[in-house]
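Taking our numbering, the leading residue of the sequence shown gets 1, the next gets one more, and so forth.
By construction, these hints were calculated from the structure, which means they are not laboratory data. These numbers were taken from a predicted model, which means no experiment stands behind them. Some clues are possibly wrong.
Stated by the list, open to error - Distance condition first, Cα-Cα at most 35 Å in a straight line; then the derived DSBU-like pairs of lysine-lysine:
| # | residue 1 | residue 2 |
| --- | --- | --- |
| 1 | K231 | K318 |
| 2 | K231 | K243 |
| 3 | K197 | K247 |
Unchecked claim - Here are the in silico distance ranges between beta carbons for each label pair:
| # | residue 1 | residue 2 | range |
| --- | --- | --- | --- |
| 4 | S317 | S54 | 16 to 26 Å |
| 5 | E279 | Y172 | 37 to 47 Å |
| 6 | I257 | G181 | 38 to 48 Å |
| 7 | Y143 | R61 | 29 to 39 Å |
| 8 | L237 | S54 | 48 to 58 Å |
| 9 | I151 | K231 | 12 to 22 Å |
| 10 | I319 | A242 | 19 to 29 Å |
| 11 | P140 | I105 | 26 to 36 Å |
Note that CB positions come from ideal geometry on N, CA and C, so glycine has one too.
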Amino acid sequence: MKRYKDEEKIKAEKSNASSLIEFILLGFSDVPNLQWILFGIFLIMYLTILMCNSTIVLITRTDPALQTPMYFFLSNFSFVEICYVTVTIPRMLVDLCTQKGNISILACATQMCFILMLGGTECLLLTAMAYDRYVAICNPLHYSLVMNHRICTQLVAACWISVIPVVIGQTYQIFSLPFCGSNRINHFICDIPPVLKLACGDTFVNEIAVYVVAMVFVMVPFMLIIFSYCKIICSILKLSSAKGRTKAFSTCSSHLIVVVLFYGTAGITYLQPKPNQSEITGKLLSLFYTILIPTLNPIIYTLRNKDIMAALRKLLSKILV
Numbered sequence: 001m002k003r004y005k006d007e008e009k010i011k012a013e014k015s016n017a018s019s020l021i022e023f024i025l026l027g028f029s030d031v032p033n034l035q036w037i038l039f040g041i042f043l044i045m046y047l048t049i050l051m052c053n054s055t056i057v058l059i060t061r062t063d064p065a066l067q068t069p070m071y072f073f074l075s076n077f078s079f080v081e082i083c084y085v086t087v088t089i090p091r092m093l094v095d096l097c098t099q100k101g102n103i104s105i106l107a108c109a110t111q112m113c114f115i116l117m118l119g120g121t122e123c124l125l126l127t128a129m130a131y132d133r134y135v136a137i138c139n140p141l142h143y144s145l146v147m148n149h150r151i152c153t154q155l156v157a158a159c160w161i162s163v164i165p166v167v168i169g170q171t172y173q174i175f176s177l178p179f180c181g182s183n184r185i186n187h188f189i190c191d192i193p194p195v196l197k198l199a200c201g202d203t204f205v206n207e208i209a210v211y212v213v214a215m216v217f218v219m220v221p222f223m224l225i226i227f228s229y230c231k232i233i234c235s236i237l238k239l240s241s242a243k244g245r246t247k248a249f250s251t252c253s254s255h256l257i258v259v260v261l262f263y264g265t266a267g268i269t270y271l272q273p274k275p276n277q278s279e280i281t282g283k284l285l286s287l288f289y290t291i292l293i294p295t296l297n298p299i300i301y302t303l304r305n306k307d308i309m310a311a312l313r314k315l316l317s318k319i320l321v
């Protein structure tokens with residue numbers, strides 16, 4: 001009799017899983033009075049991110065003074081930022097506007113795939129940028145030889161290509177799980193932690209896979225960046241000129257701030273054990289790395305960089321004349 005009931009339960013779960021064709025992103029439905037305020041704030045931030053990063057891409061590609069490997073990587077990083085926020089924020093704005101949040105399983109899987117792919121590419125690009133600074137400061141005589149245009153292009157291509165198969169495989173693995181019972185995702189994007197919570201099968205293998213991928217694309221690049229900056233700081237401290245030390249530190253500080261902000265939130269999100277991460281914490285962290293950090297990044301890079309500010313003033317003078 002017990003065996004019969006278990007079989008019936010399994011059949012019912014499979015039936016529910018097969019009938020599930022969409023999720024509902026709850027988003028910010030717990031604060032209905034703030035929906036339109038949040039819509040206005042996120043829209044302004046999205047337009048700011050698009051405008052600032054597009055400007056960085058434009059001036060780093062057109063200004064002759066910025067045709068260096070450092071700005072080549074920065075323009076690619078800004079382009080990835082534009083793609084990243086375009087995958088997440090417009091969907092949030094539509095959900096805030098309609099106050100619905102229905103999303104098909106295919107659309108959810110597609111969004112997750114692009115979020116992971118672009119996030120992983122950003123991690124690797126930040127590592128490439130750290131390597132560029134390491135060569136520039138620790139091995140300046142061979143900088144033009146080591147960081148030529150062909151090598152820089154290959155590094156950027158590697159950042160994209162290496163992520164794609166891993167992300168597609170992980171997304172397929174997650175959405176191959178049976179989803180039964182509730183279809184409500186207490187989040188505003190299809191991210192791994194909230195989606196895994198809805199799976200009714202054994203998710204142990206998937207969680208291990210998430211940790212492994214996070215180690216490869218978050219922790220390993222982060223450790224390489226830390227190693228690079230240890231070498232950089234040692235080289236800077238050996239400089240006899242105080243002006244030279246200040247210039248070298250100012251060149252690296254913007255990148256280091258972005259690294260700490262980005263890797264800090266990504267590490268907490270994907271390396272923290274699933275039961276220990278509350279839904280509110282997950283939402284706040286996601287808000288941080290999907291909206292706030294992309295808003296701050298161009299500000300950090302432009303306000304602390306004299307070359308970019310000079311190129312920006314030159315561009316504005318051409319436009320206004």
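Cross-check of the supplied hints:
With a CA separation close to 41 Å, the supplied pair K231 and K318 exceeds the 35 Å bound. For a cut-off of 35 Å, the pair hint linking K231 to K243 stands: about 19 Å separates their Cα positions. For a cut-off of 35 Å, the pair hint linking K197 to K247 is broken: about 48 Å separates their Cα positions. Taking the beta carbon of each, S317 and S54 are about 19 Å apart, inside 16 to 26 Å as hinted.
E279 and Y172 have their C-beta atoms about 25 Å apart, which leaves the hinted 37 to 47 Å range violated. At roughly 43 Å, the beta carbons of I257 and G181 sit within the given window of 38 to 48 Å. Range check, Y143 to R61: about 21 Å between beta-carbon atoms, so the 29 to 39 Å window is missed. The supplied range of 48 to 58 Å is broken by L237 and S54, whose beta-carbon atoms lie about 38 Å from each other.
Hint check: I151 to K231, Cβ distance near 19 Å, so the stated range 12 to 22 Å holds. At about 38 Å, the CB distance of I319 to A242 disagrees with the hint of 19 to 29 Å. About 52 Å separates the C-beta atoms of P140 and I105, a value inconsistent with the hinted range of 26 to 36 Å.
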